[in-house]
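Chains as they are written, first to last, in this note's numbering: chain G, 1 to 422; chain R, 1001 to 1422; chain W, 2001 to 2422; chain P, 3001 to 3422.
It is worth saying that the hints were derived from the structure and are not from the lab. It is possible that part of the hints are untrue.
Result set (DSSO-like, lysine-lysine): computed pairs, CA atoms no more than 27 Å apart in a straight line [what the hints assert, rightly or not]:
#1 R:K1152 - P:K3122
#2 R:K1086 - G:K24
#3 R:K1058 - G:K24
#4 P:K3279 - W:K2152
#5 G:K175 - W:K2175
#6 P:K3417 - P:K3365
#7 G:K58 - G:K24
#8 P:K3175 - R:K1175
#9 P:K3101 - P:K3152
#10 W:K2152 - P:K3246
#11 G:K122 - W:K2152
#12 P:K3122 - W:K2101
#13 W:K2024 - P:K3152
Computed from the model, here is a short list of chain P residues facing chain R with C-beta under 8 Å [to be verified]:
#14 Q3127
#15 G3148
#16 P3167
#17 S3189
#18 G3190
Note that the coordinates shown come from a computational prediction; the quantities given were computed from them, not determined experimentally. For glycine and all other residues, C-beta sits at the position ideal for the given N, C-alpha and C.
Protein chains: 4
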Amino acid sequence: METFQRLESEVRGYCRNWPVVFDKAVGSHVHDESGRPYLDFFAGAGSLNYGHNNPELKSSLIEYLTDDRIVHSLDAYSVAKREFLKTFDDVILTPRNLDYKVQFPGPAGNNAVEAALKLARKYTGRQTIINFTNGFHGMTLGALAVTGNSMKRGGAGVPLDHVATMPFDNYLDGKTPDFLWLRSLLEDSGSGLDAPAAVIVEAVQGEGGINVASAEWLRGLSELCEEYGILMILDDIQMGCGRTGKFFSFEEAGITPDIVTLSKSISGYGLPMALTLFKRELDVWEPGEHNGTFRGFNPAMVTGTEALRRFWSDDTFAQATLAKGELVEARLAEMAAEHADFGAHVRGRGLARGLAFDAEGGIAKKVAAGCFDRGLLLETSGPEDEVAKLLPPLTTTEEELTAGLDIMADAVRAAVKVPQTA
Amino acid sequence: METFQRLESEVRGYCRNWPVVFDKAVGSHVHDESGRPYLDFFAGAGSLNYGHNNPELKSSLIEYLTDDRIVHSLDAYSVAKREFLKTFDDVILTPRNLDYKVQFPGPAGNNAVEAALKLARKYTGRQTIINFTNGFHGMTLGALAVTGNSMKRGGAGVPLDHVATMPFDNYLDGKTPDFLWLRSLLEDSGSGLDAPAAVIVEAVQGEGGINVASAEWLRGLSELCEEYGILMILDDIQMGCGRTGKFFSFEEAGITPDIVTLSKSISGYGLPMALTLFKRELDVWEPGEHNGTFRGFNPAMVTGTEALRRFWSDDTFAQATLAKGELVEARLAEMAAEHADFGAHVRGRGLARGLAFDAEGGIAKKVAAGCFDRGLLLETSGPEDEVAKLLPPLTTTEEELTAGLDIMADAVRAAVKVPQTA
Amino acid sequence: METFQRLESEVRGYCRNWPVVFDKAVGSHVHDESGRPYLDFFAGAGSLNYGHNNPELKSSLIEYLTDDRIVHSLDAYSVAKREFLKTFDDVILTPRNLDYKVQFPGPAGNNAVEAALKLARKYTGRQTIINFTNGFHGMTLGALAVTGNSMKRGGAGVPLDHVATMPFDNYLDGKTPDFLWLRSLLEDSGSGLDAPAAVIVEAVQGEGGINVASAEWLRGLSELCEEYGILMILDDIQMGCGRTGKFFSFEEAGITPDIVTLSKSISGYGLPMALTLFKRELDVWEPGEHNGTFRGFNPAMVTGTEALRRFWSDDTFAQATLAKGELVEARLAEMAAEHADFGAHVRGRGLARGLAFDAEGGIAKKVAAGCFDRGLLLETSGPEDEVAKLLPPLTTTEEELTAGLDIMADAVRAAVKVPQTA
Amino acid sequence: METFQRLESEVRGYCRNWPVVFDKAVGSHVHDESGRPYLDFFAGAGSLNYGHNNPELKSSLIEYLTDDRIVHSLDAYSVAKREFLKTFDDVILTPRNLDYKVQFPGPAGNNAVEAALKLARKYTGRQTIINFTNGFHGMTLGALAVTGNSMKRGGAGVPLDHVATMPFDNYLDGKTPDFLWLRSLLEDSGSGLDAPAAVIVEAVQGEGGINVASAEWLRGLSELCEEYGILMILDDIQMGCGRTGKFFSFEEAGITPDIVTLSKSISGYGLPMALTLFKRELDVWEPGEHNGTFRGFNPAMVTGTEALRRFWSDDTFAQATLAKGELVEARLAEMAAEHADFGAHVRGRGLARGLAFDAEGGIAKKVAAGCFDRGLLLETSGPEDEVAKLLPPLTTTEEELTAGLDIMADAVRAAVKVPQTA
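Required output: the full structure, derived from the provided sequences and hints.
Right, dumping it as structure tokens:
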């Protein structure tokens, strides 16, 4: 531990809540170096939808490495990339009638977001991006400008411009009609809103507090965008790859975003990888106009291909996720009912779920700490860390889910008992 | 090939010059899917300093994966991270008297640059960054703002602000004293230069055309920074990890930058990884103020640890690189002498070398194409692609170097014969 | 006329609607060079609240000039400035318990706004300014950034940053609670709204369409600002100096803005002059930190002093304005009732009044053109020029008002008869 | 005096150096309220080229006012504006073969600059403006961004973007070739300089320290602009209207700028007025795209017309200015020789002259203070206030010039005697 304190920057975060040294990990469990197991309802912040070290993906990966196949190839052509592209097209795009081009923008989600923003601005010749309250899109300057969190914005050290923020679904009082404000601005040439290039939106805001946009709201947004010639960027980095049931979080709403970002679970094994997808007619990039050293990391494409084949060739996996999501929701609803005095209520879709509390008292943080003590990893989210956030691997069994929820129920009971602090 | 054309974005670049599908790779060779070998003097743009699929790194990696050790852990503590930090400290920092803290800012070089810029701005409370002509630092908005290439800047779609550009070493007429302009601006309260937070500089500009900053110039810059309370960020993403001989490209100059960025070859195996290093007193980050999903990619730390141990425990490897660099330089000097009519001249340090031509005629591009036809991969760089750029793996043998340089000499002769085009 | 077409830029505007050459002007009448008189319900866009060439102000001015007293003195002390300051304090500030410092920021309203924005940013150390839909604050880059009109914003040629737009009073559907959106953003650390330095607001938006903020809304805004440490800038350039009755437009609401801008009628004679007023504790300017060549134009101070004495020593003038305002409102209400089919409705306070129509059909523009043909000057305002805007001199007699309104009633009847165009 | 201290903002500046209350002014003399006369070598910072209250201009002005001719008319047509335009064309433009359109951008120099910058950006579709070290163009955000003074820039409270600063003539070591740096940046697609819309430059920098650009340098800049499609904005606000001899300061260099700004002495009487002139083909403004309440201040046009007729119908006045300039230069040269130990040297052209000292010791400020004590008004300029700046009215007689220079010589002798302070 001393090594970390002496050598690693103070910017480190998760380790402060989980002060152990992890070493092994299989499925929904990780183990610290003493061998103690933890049930993982965090899943690498959504990067491990198929669990840790899934054995089939692992086989593919080790075989690829063993055979000395090419690991790093930038955007040269590789057999692994061709396999990935074909599989992604066969298993994901074609069945959904999505005529998207695929960009490999770099290894991280922020690369996918930066590429999306650049492309939207280039294609439209406009600069303003509309983002939404409590949206989270990444830490590089372009992505940070469309992210809501004030602490993270403050880290920029420069103004974050060319963005106009709108209320996410259900952000206001529940009575104000959807898009009343945005539509007013767009219709009024004196509103001061410069013509927007795009909106960037999450179907479910993970970091923002497990805030779910209704299908109706997403459809309304999509229609508004079409009406005003605004591109719709759907950031599916955390909520895509089956987290809410279907592969994309926006399928339920029946919309087709102009641009989609994917990362986190797209490699399926925690390997860095990201994609920016966009409608064919938007592909106005010059060769090399956006690049990045690790945009052709073949092992991630190998595990990604394997994951697509294993989990997405039919809808069995999506159905299972929805069923598990209902199980989780039911248990969280019990907890919410039990602790209604503390403002407890349930949020989420599929296996992205949250138990929110009143911001005062720091209950959610106590719940997370109590879970850790009891062998369960989960994190908090929301602007005041007021939500205990559950992102278990989608491969978590019902038994594991139940075990974890039992732990959580205990931790909640303990958390609301202790004197509260702000 | 049809798969790529149909599905991959037009942004793809390298594949246009090397229209084959790569599959295997060992040491300094890659093979296309038909089995044709290519000698690789490109090395993943500097990401493969130890060659493709180095067997010892490969063993460590496969063993780690086989044992189900944790792959993805964000910034939680892991055994693999501790090993990496300790080794990096023992092998690199301590022997060089560098009291740096280490940040894992995300998987890509641009993450390291974005973190460096943020930290410099936060620490100083200033916004302006001084960059240098033909510098290259990445494609995310913060990094792109300090990058010179106009095509890539144009892709931003928004103005790239908070930056003031200064001439790199030897950029002007060879007579103007170093830092005459920058010093004048700093000394003059009416100059219009807002107080800078930092300079960001490469010791050798790779993408910019293999432009070498002299040790004297780097020392001058370092002293100027100290005099005016400006932080010095040394971007060692492409030129670090031994590319110029010693581990860091700035060691030769005897300076200690305030902030250093590393990526590309730091994992040693082409796995996405990046570091931002900074003097201990600069570590003013709040926990989580900068983050990123793939900042804790353990397999990269495992191969990185192994690479540090294998190659950097003593100075044998650095010495070998310098010797190979001299071999390359000598052969390039012969070519330059032979083709002086075309403005041919040699650039570079260590195993970062270039053969530059007059911009007219596109000779360097023809050289690169001719090399590919003859089974040698190298790329061009410089604002007009006027430099044939050699970044062979540092592990390339003298025989391989000689073989590659023979091919190149042939390709140059052929390139200067054909009628020239602009 | 040829002279103008040949030599004056295409940017000229009003002359296109009033294609005559004006020459003389007294009270509420101007005359073109052929001697034709026009009743003026435009009043220099609010710069001539005391009419053209008011005889008492004229006497003071000519006397000052005749006696060779100093005309131009930058911010040196002058007798004329002292007189103005004392009178402004005695007649305006002290009776209203306003402990304001006075800045002479330059001759134009935009100078007053630019100084206000700078000071608010300097005092708070924050950058974001909250402005309101359809606000109008001037054409220099700082002032333009907080102005809503899209055509004028487009003229900037650069992005207009550091601003967040909020809905003005009654902008939305009439049901959404005031400040619901702004308060939500301020309360939520994840909203993406960087802490604002100030709001800038007009009590009645003149250029924006004679949109009146209710006293209750202004009080709510003032309270919200105080609650969140945000400065309140009240731009009273067009609506101050008695336009709405009392000297300041905000007096009715019983609030004390932190910063107030005045210009247009402050000199009382159409002479260029502007003031920025602010609470004493905000006076953190360095000497000369904001300057401007014509910030000490003494003749304007002379007429300004005379105007303050003549019109503001008691509340007679304010009462008369209110009475005239009611007269105008009553007549406009009749017209609105007569033309309800065209969406006609009345807006305004005091002698800032508008008759708004449905945006389609361009009725208001036809009304303005018909008035001109009939010898009455008035302009349109609002984002679609949908409002016939009445800003008669406050000294206009009831007979003149009635005569003008008779003309207008005619013009409206004629305008709604002709086939409508978009 | 108490009135000012109690009521006027701390931003006031000149009054701190001249702590008396001015009241009357004729020709080259102003009088404080006690009747004490001061010889004025400041001339309203260049706004009073024809002296205070020139009797012929005064007659025209008073006659115009007496006859109740229109004072304020925005951009409606007026007889006074037509007279001004015709006279400006006849006396200034046509004889110089300048086919410029005339914009009335508002009453102040900053309005002229803001309009020039907007137009250049609109016409070219580019954003970057090249400015020069120690340039001064005004205090509104657009103008301030191209101004060098760091204290004034700091007052903005927001970053000042879209600008790249280049060295003014003679700024560097006297050996570096002109435009070496700028040309390198323009020729190099990797330089990081985004394609500039325009340069903005003064032929003689007044506020910047009476720095004279040579005719050769201006020609070189003009040619460079033409070569690269960059517009040349010549800011002649302080140095135009005959200050350097001919009407425009750039005539000597034989160039034709694309855009010219005028203000200060264009009305000839200290009345607020400004012009933006530009080549006919640049007139791409939409009607009303830039506006401003006081852009049609007729009394200023009346005195401006009279001044043009009186002083510019032939070249007598320009010749006289040059002769007086030589007289001043000769006397300053004597002083410089006498005080060479203090780095004294002469700067300037025409009747814009400066005596510069070493920055240490604050000699120039002591000189200015000593002059004031002895009845002479002059100000300092330059980034360190190291230049005693002489801008006497151009109508100052030789006797007055000699009297003033005698005073100054005394004041310099006294200033260098006292112990020096930083």
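*Hints broken by the structure, by number, lowest first?*
Violated hints: 9, 10, 12, 13; rest satisfied.
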